[in-house]
Amino acid sequence: MFGPIIAKPGSSRKNKTGSWRIESKPKFLQSNCIACKLCILICPEGCIEGSQKNTFHCDFDYCKGCGNCASICPKQDIVMVKQE
Amino acid sequence: MSELQVKSLFASGHTACAGCGQSIAARLVINAAGSNTIIANNTGCLEVFTTKYPESAWRVPWVHSLFENAAAVASGIEAALIFQGKKDKISVIAQAGDGGTADIGMQALSGIWERKHDVLAICYDNEAYENTGIQRSGLTPYGASTTTSPSGAQSFGNPKLKKPMPEIANAHGIAYVATASVGFPQDLQRKVKKALSIKGPKYLQIHVPCPLGWGYPSSLTYQIAKLAVGTGLYPLIEYENGMLIGVRKISSKSVEEYLKPQRRFRHIINNPDELAKIQEIANNNIKKYNLVAEGN
Chain S
1 MFGPIIAKPG SSRKNKTGSW RIESKPKFLQ SNCIACKLCI LICPEGCIEG
51 SQKNTFHCDF DYCKGCGNCA SICPKQDIVM VKQE
Chain D
1 MSELQVKSLF ASGHTACAGC GQSIAARLVI NAAGSNTIIA NNTGCLEVFT
51 TKYPESAWRV PWVHSLFENA AAVASGIEAA LIFQGKKDKI SVIAQAGDGG
101 TADIGMQALS GIWERKHDVL AICYDNEAYE NTGIQRSGLT PYGASTTTSP
151 SGAQSFGNPK LKKPMPEIAN AHGIAYVATA SVGFPQDLQR KVKKALSIKG
201 PKYLQIHVPC PLGWGYPSSL TYQIAKLAVG TGLYPLIEYE NGMLIGVRKI
251 SSKSVEEYLK PQRRFRHIIN NPDELAKIQE IANNNIKKYN LVAEGN
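The listed protein sequences derive, respectively, from chains S and D.
Our numbering applies: residue 1 is where the first sequence begins, and numbers increase by one.
Our numbering applies: residue 1 is where the second sequence begins, and numbers increase by one.
One chain only, chain D, in its complex shape (with noise of 0.2 Å):
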């Protein structure tokens, strides 16, 4: 066995499609939480791709229960660690995708966030369900074609907004609030680190695209996933108790640099009206994050 793969905490062979961002971003994750880490895992991809019976990817404590109740899990792990004195030694992490952050888990995690365990929550956002056939989540954006929300003579797509899970969280009081995405790799894993490094819950929503999903070539999800970043349409944020203090700033490029190489997205490019609803999505992100740096 070589070097790498003794350090990496999650092994080569998984079966996720090629180019998946959700693999790009575990693999960071669990590399920057190092292996003291148990780790509760809801229903999704995630959990199917990395655990094909009778292997798994993971080379550290791994549970899967059910879709909605990783965040129970983990507040039963810690309260475990706490009473063998061990917690100031493991980390726990609740992880899911956005269907199982955004909404079937979403009791489970509110419930951890109002108990102050200490446990960091991670949603892999790929917006939509995409290991049952693409279904809209509660974290897919305006205007994306899924197949509950196909677009067509009648419907632009999905017509709700993305639900504002950071502000949710920020809703309970907890200590870190962060947003992160697979094109700012060095910049997950500090922000991995940093949550870890404090006491109390914590929540972190990565930006993961899904090639088959999001219908783009596997060799764009890196490219992808920089651009909605660099259009203002997933701004990178990170809070302390409530308190913003850190954003990526951007140079604001055109939100159709983003949505053009992808099929969920080809109804809007010819369609103006909605094209501009889009980008003032991003231009409120722009305002209210102050998102662009100065001298652009």
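The following block holds chain S by itself, in its conformation from the complex (with noise of 0.2 Å):
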């Protein structure tokens, strides 16, 4: 290989990998969030989205179940539960 392969921004979107999660997945309770938006900042796939309180949400087309939305939530607004 003698040339640089050029690959299409963001084109990773292809790959789903929410089909990773095998244990539990995020909840998202929308009942005490005080849209601190520290689980957008958290997110490892950065697919948590929401702008207002009780508004915010993941795409688990991509999400790998890490729970760390869970982890980092002040106001325990997210819980971890069976992925079925």
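Careful: at least some of the hints might be erroneous.
[To be verified] The list that follows gives simulated cross-link-like pairs (lysine to any residue, SDA-like), each with its CA atoms no further than 20 Å apart:
1. K37/S - K52/D
2. K25/S - S218/D
3. K14/S - K52/D
4. K52/D - G18/S
5. K27/S - S219/D
6. K7/D - F60/S
Read the hints as simulated data drawn from the structure, not as lab findings.
Combine the two chains into a complex, taking the hints into account.
Right under this line is the structure:
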């Protein structure tokens, strides 16, 4: 291989890494949320969205179920539930 | 495409392990740096999991060449931008893991610091060569069991202390040197923005826990990163032109709290002598940087 390989920006979105989830997944209770956005900052997949209080949710196409959003939430408004 | 995906310069669908600290840090860094950024990346986990052929998670220009030369590539990019008259508008980042920074990429990195290139060098410090199977690096902490420093009847894990990279960076007389952690995401992003606002060479070392290599459940990445700082083992410090301008104050927890959830320190927990040695490392940091807040 003698030249550069150029990939399309952001094309990793083709990989639906949500299929990796095996044990648990986050449940956004949307009841005590203060819109601090810490869950957005800590999510390794960058798949959490929301702007106003109690509107935050994640894209299960990409969530690997690591649980750090539940760990960082200062209001315990995200809980990990069993993956069915 | 949703609002978030438009804003984020680091796309979902990368192939890092669940709970990967490095993927958290990489996204925080590039989103703080903004779209007018060019990245040169050393070989390592970050390169592999963000650019699985033929895809890329990056939404900024991103270059990978070799394990050791991201800093050299970045200095070339900077020179080209100066020639084109674009350097004031575009930031250049040279990033690597701890092996690519402290061991393999050290000479190119020392070169950009010595030649005073306007480049931000970032070290994602997961404290071993995690990508190739958890071999020890110059930034592996004392006592950690890795595949090349295994704990056993004759060994307590890695016998060496972490290479003092912030001090080595400072010895080059560079403009800005800081450490950050994914346990403090807002502080991390503030340091990236501050570093990029300063002209000249900069060094930012980010502590990024690795669930696979360190042996802890993926949900603990955030907590473990916080504990590393909270025990004094990973002091968050900030230097401008060699002067210490800020440290994050802590309440000084016992190092055992940090070590206990990690398989790489399992052999230390029931060994009071080794535990005391690691506590002493934390105590020395606390003393050196005056980490403990008054009233604690």
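When you check the alpha-carbon spacing of K37/S and K52/D, does it fall within 20 Å?
violated, 29 Å
Quickly compare the C-alpha distance for K52/D and G18/S to 20 Å and report which way the hint goes.
Roughly 17 Å separates the two Cα atoms, so the pair holds.
Would the hint linking K27/S and S219/D be met if the CA-CA limit is 20 Å?
holds, 14 Å
Does F60/S sit within 20 Å of K7/D, going by the straight-line distance between their CA atoms?
holds, 19 Å
So if I understand the rule, the pair passes when the alpha-carbon distance is 20 Å or less; does K25/S with S218/D pass?
holds, 12 Å
Between K14/S and K52/D, is the straight-line Cα distance small enough, at 20 Å or below?
holds, 11 Å
Hint compliance for this structure: hint 1 is the single one not met.
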